[in-house]
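**Q** Required output: the full structure, derived from the provided sequences and hints.
Each residue of the sequence shown is one higher than the one before, starting from 476 at the first, in our numbering.
Honestly, I wouldn't trust all of these hints.
Here are the simulated lysine-lysine pairs, DSS-like style, with alpha carbons at most 30 Å apart [what the hints assert, rightly or not]:
hint, residue 1, residue 2
1, LYS608, LYS589
2, LYS632, LYS592
3, LYS627, LYS523
4, LYS619, LYS608
5, LYS493, LYS619
6, LYS573, LYS604
7, LYS569, LYS608
8, LYS494, LYS619
Read the hints as simulated data drawn from the structure, not as lab findings.
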Amino acid sequence: KVIGKMHRSNQTIVDYCKKWNDFFGEQSRIVQIVRHPYDSLNSLVLSKRRTPRGPIFGAVKEQYLTYIPDYTLQMAELPNCFTYKYEDLVLNHKETLKKILDHCDLDIDYEYPKRVKTEKALNHQRNKKLLFKYDPRLEEAVEKFNTLPGMKYTLPKI
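**A** Here you go:
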């Protein structure tokens, strides 16, 4: 469980990442992916429909809106953490993947696909359908995510 508390403790994902850095020191590498909140939550709705295991969508949505924006910013400030936006990887895959590999000190001879499916980037703009009830905390999430490097998010009226 990545959102909120870890297991039955009061540890959060940020605490876990700090321990990771402490344990591995200069060799540690953390890669954090941020995705537009509409697309993250829409994707969660669809996955719950396909595989209705675990916590219900409403509980996960509540935890996402309560914790993820702040945890994302806290993790981005950690040493050895590279944060990028999912949409940047999809739309600018060569440049973004190179940054990830550089961050991880990996030199991989990677043959990029000739065609990359870009439809998943900002999927909510294409489908114009929100699969969950709007929550004003989405605006706060977008505002916080927009302080990170990369694509700037907007909240279209759906």
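**Q** Holds or violated: LYS608 and LYS589, Cα atoms, limit 30 Å.
**A** Outside the cut-off at roughly 38 Å; violated.
**Q** Is the Cα-Cα distance between LYS632 and LYS592 30 Å or less?
**A** Roughly 25 Å separates the two Cα atoms, so the pair holds.
**Q** Holds or violated: are the alpha carbons of LYS573 and LYS604 at most 30 Å from each other?
**A** Answer violated: LYS573 to LYS604 is near 33 Å, above 30 Å.
**Q** Keeping to a limit of 30 Å between CA atoms, is the pair of LYS619 and LYS608 held or broken?
**A** Holds - the C-alpha atoms of LYS608 and LYS619 are around 21 Å apart, at most 30 Å.
**Q** Compare the distance between the alpha carbons of LYS494 and LYS619 with 30 Å, and conclude whether the hinted pair is satisfied.
**A** holds (24 Å)
**Q** Straight-line Cα separation of LYS627 and LYS523 no greater than 30 Å?
**A** holds (28 Å)
**Q** Is LYS569 within 30 Å of LYS608, Cα to Cα?
**A** violated (35 Å)
**Q** Are LYS493 and LYS619 close enough, with their CA atoms no more than 30 Å apart?
**A** Judged against 30 Å, a Cα distance of about 21 Å means the pair holds.
Going through the hint list in order, the structure does not satisfy hints 1, 6, 7.
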